[in-house]
Amino acid sequence: MDVLLTPSGGKEHLLLGNEAIVRGALEAGMAFATCYPGTPSSEVPDTLYRLRKQFPNKVKYYFEYSTNEKVALECAAGAAASGVRTLCTMKHVGVNVAADPLMTLAYVGVRAGMVLLTADDPSLFSSQNEQDNRYYARLSGLPMLEPCGPAEAKEMTSHAFDLSEELGTPVFIRTTTRVNHAREAVKLAKLGKVKQKSKFVKAPMQFVTVPAVSRNLHLRLLNIHKQAAALSESSPWNKISGRGKLGIITNGVSYNYVADAVADLGAKSKIKIFKVGMSYPLPEKKLANFLKSVDKVLVVEELEPIMEEAARAIAQEKGIKVQIVGKMPGQIPAKSVDVEIPKFLSRAFEYNPRLVRSAIAKAFGLKYKGTAELKLTGMPAPPGRPPNLCPGCPHRATYHAVKEVMGDEAIYPTDIGCYTLGLLPPIQAADFLICMGSSVSSAGGISRATGQKVVAFIGDSTFFHSGITGLVNAVHNNHNFTLVILDNGTTAMTGHQPHPGVNTDSIGDITTHVPLEPLVRGLGVKHVTTIKPFKVRASKKAIKEAVAHDGVSVIISKELCPLFAKRVAPTSKKPFYVNQDKCKGHMDCIKKVACPAMFVEDGQARINPMQCIGCALCAQICPENAILPVKAKA
Amino acid sequence: MSALSWQAVVAGVGGQGVLFVSRALATALEPKVKGILISEVHGMAQRGGAVVSHLKAGAYSGPLVSPGSAEMVLALDPGEAVRNLSYLAAGGWLVVNAPDLGFLSAKGKKALASFGARAVTVPASELAREAGAAKGANVVLLGAAAAAGALPVDPAEVERAITQGQPEARARANRELLALGAGAAEEA
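Protein chains in written order, with this note's numbering: chain A, 118 to 751; chain P, 43 to 230.
Hints were generated in silico from the structure; no laboratory data involved. Misleading hints may appear alongside valid ones.
To be verified - Computed footprint of chain P on chain A; a stretch qualifies when at least three of its residues, placed anywhere within it, have a C-beta under 8 Å from a C-beta of chain P:
1) 296-302
2) 490-502
3) 545-557
4) 591-601
Glycine included, C-beta positions come from ideal geometry on N, C-alpha and C.
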């Protein structure tokens, strides 16, 4: 039995933040969960999926990987309006996709607790931007809770369901990567009772948002906001600790850095900490009293100066003479965090313990003796390790074939997934990317505006997520480009979640498979070819034909992700080796595909048999046919 | 419970089992400390990129280690050892999957020595491969760290943590890998 399904409470377990969120939902009796996976949120849905699979008789919730975040939120909204407790999870940029339903779901509200997890990613560990989703609470008017670590994430998630029911409105849980992917001891409470089924009670004056209804619903939302603001004043998540005439206002994981720093600085008797846990609506009266009680306040919050601006507004309105410092007016780091970690509180990148400690010391004129640090001058620089496509990744083969046909002249809009790594040399087949699905639609814009040849790349999961509408647009408006759908049979980047295009029979899921080729034909694309990317010559021929087609053409490059295949359909392909007598050192294999299994020794390419999985791409590229499967070695 | 307070950084490359090591360390330490925090890396970085996990045992709030504060830096790759050396506390342990400290250059070795750091170098990948468990370098290196005294717990606690809940065959294989590391550490 999994600890997350322990019926009784009391025991402590070392849980990942995302596991703690799952447990919190189960303790609240969650009956329904939807998501689109995305780092750093993915382990929440993945854990729900795993538990349902491993313990089908123990779990009482419905769970699905939805097609995208908008679909996930709408599906969740239907369940919550029907009266079952519902969880919906996504990464920060996923909320952009779900923003349309979100804004009006805030008007209609819910009939049972509904929690929306937004997992933000300061420093962009695995994201295309580092937007601060606390703004979404302000934009939608929905309450927001921000845990500082796994233990609190569990408590807050559970509490958020009650809060949501009390207010009749969805509630945000906003985390950051350092909360989702931290592990700490979490004390369990009892599992909650689950109300699995309900009945939809008709109430069109609440749930059908024609203008006359929505005018009233906007007032409903404003009244709920007022009620939530009162609850925020007495919320246990907004707490003040310590004493002194200096104050710090902080939230989320920054609170932990502040607490450790105040201890390190020996300033516990000088500094009071206001830990904001219910961050929207802010407890303005409580904050005003806090501001009145100190001489100087430092606001420590990652990304946008939201609490800082609020504190300044409160002080101004109440005429409180307190000095407020934080990140405004604001310095901008000269370099990316990859090159140099910022030394001041900036609007870019995540914070860290040392940065917060020095910011507190500086703001309050405190001395910190510090710890000695090893001098790294004169030591070799650590190797650059850009993430790379895995050995035997079919994307490498598809990219190779397209580049052989189209060279560097074609424009290559790309999309979000492992294949975005095609950006790096030697592949370099990525020219434009802004969000999920942008490859298809931007391809139309680029080809129309320039007349240049355009070949766009999108993964299978991303195509289902938000490529379909772009493709319909391209067909309808007679755009002229080739779309390559990299169909590796899974959502590889985020941990091999299924999607509508996956035949899940082999993994025992009861879902209906939506095959890609008939779908694409059904959208009106006339030229559709499915290729096997490891058959290099045939792939190149198919690509030539596709790009010669006048109008929209689609290539479906179909080959399982090897990491996923290892689990669901293991093969026994032999690794390859370079025959040293035949190899003349052309280095085509190294220069054109740069597989991580290959390296150079004595002017010849070599293959690490531990890494090679026998995809045979390099063997088909070698002009001397010097790359052979190991079994053929005499 | 004692007031043990101990911080470590575990580093390597995607696929080497960095997270397994930090979770095993946490399980080994759990009976001895008041609180444990681990910070993990997931997602894009796992595709052959640098992976690092911070572990803090004791009365801490935040999950990240500050530079100059780690009692141990355990690196499954010499390059990742270099990348994370600034976390090492004066007098701390550097445990590396490497035959020796040659990867640091002469200047680096000198700096490490004058910082009072203690180093354990074990060719863990080679030893694991010879034992027929190519992916077990992380367990070999952990065995070396435990035997050398780089951890605040006995090697027996590490063995318990690694083998806990495993079927006997797997547990035995892991015990052998730990012993391999221990043997190599003593010789170094």
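Inset, instruction - Give me the numbers of the hints this structure contradicts, sorted from smallest to largest. - result: Hints 3 and 4 contradicted; others consistent.
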